[in-house]
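Asks: Sequence:
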Amino acid sequence: MIEPTTAPRLSGSYLVLETTNKCSLACVHCSVSELGHPHHQKNGFLDPRLIQELFDDLERIGAFFDTLILFWLGEPLIHPNFDAIYQGALKANEKAQVFGKIELHTNATHLTESVFEIALNSASVPQVWHFSLDAATQSTYTRIKGMDRFALVEQNIARFVEAKAASGKRWPRLVFQFILSSANAHEAVAFGRRWVRVCERVGLPVRLAAQHVPPGDDAVVFFRQLDCPTPEIQAAENAVFRKTIAQMGLTLNVEERSTTQVSAENLRACSGFWKSPVVGWNGDVTVCTRDNRFENKVGNLKDASFSEIWWSAQQAERRARVAVGDYSGLELCKTCFIPKSANYTDLLPEEIVSHGSWVAPCK
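So the sequence shown is residues 219 to 581, counted in the numbering used here.
It cannot be assumed that every hint is accurate.
Heads up, simulated SDA-like pairs for lysine to any residue below, C-alpha to C-alpha not over 25 Å straight-line [claimed, not checked]:
| id | residue 1 | residue 2 |
| --- | --- | --- |
| 1 | 552 | 232 |
| 2 | 319 | 572 |
| 3 | 552 | 581 |
| 4 | 319 | 384 |
| 5 | 552 | 564 |
| 6 | 520 | 282 |
| 7 | 520 | 328 |
| 8 | 387 | 328 |
| 9 | 552 | 228 |
| 10 | 515 | 530 |
| 11 | 319 | 266 |
| 12 | 515 | 538 |
| 13 | 461 | 248 |
| 14 | 240 | 520 |
| 15 | 319 | 447 |
| 16 | 552 | 447 |
| 17 | 260 | 249 |
| 18 | 581 | 516 |
| 19 | 552 | 449 |
| 20 | 552 | 511 |
| 21 | 515 | 267 |
| 22 | 515 | 420 |
| 23 | 387 | 360 |
| 24 | 313 | 282 |
| 25 | 520 | 339 |
| 26 | 552 | 562 |
| 27 | 309 | 387 |
| 28 | 387 | 421 |
| 29 | 520 | 267 |
| 30 | 260 | 562 |
| 31 | 581 | 224 |
| 32 | 319 | 445 |
What the hints contain is simulated information worked out from the structure, not anything from laboratory work.
Using the sequences and the hints, build the whole thing.
Replies: Following this line, the structure appears as structure tokens:
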């Protein structure tokens, strides 16, 4: 096997940057709402200098991720340097294409006019903004989000939709997200109608979709599956998801991943070790978004460059073990059922082979 000369490029790869772990809400499905969770014992912001160094490093080694996700366990728009971070991501892609698209998830509590100016653009790199809403009424919103910001959020997003239509700018693509669960399934239809009307009123093309956001530039009202803490809860929520989506006449593309049977046994190579590096607000790097306690931490950007961490000899050894289903020393992974989730990104055997044991060159 011939090793690649530049960083391997894998389909479905995504780099997650947690600009902050601070949040203006406390959603019941997020660790922010868990009292005593170690990731939220201390709050802070990812140093913009570390982010720029990361972008420069990716350019240096010829790296490419399908998606840059500016979000994890906090509200990204709270970061005091959000505008510079976002502009930096756009400039990094103008200089050398290191991302196939830029994706941001926001609860819209801080979606202000000044943010509109940053967001609305016609840059060469595709951009997608997910508005995390999950409810069609104030009472359900408050129960799921932990606080009542319903009227504010709806108003902010409606104004943003109007601003996008008036600007004529191509980006960002708008996604109105509804994480469907037993807590809000009864509002799914109303949620879809609400945001379809908002888009149609200003002439923006829009459609409904479930499980995955389809390709295109049009707005999407998106119904996503809930990832749960245990196989038993996951099985119950899968049934709710399937039933509701079927009643709405929408299609699931990967049927087997939302079945009513969920096994808590991981016997396959997990794509996280190849495709989904996650950088926490303090610079810690891990291998997937489920690892919010950093049990599988592989390094920190304050101590080494991203490429030295993600494509190190140590990581190559770990990937070799995971490739054959050996999760020794990785307790979090042994009983993980997320690879069976509809939200999971596949890893093909040939992708493991093409990636090989590539190690980043020294600076």
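Asks: List in ascending order the numbers of the hints, as given earlier, that are violated by the structure.
Replies: 3, 7, 15, 22, 23, 25, 30
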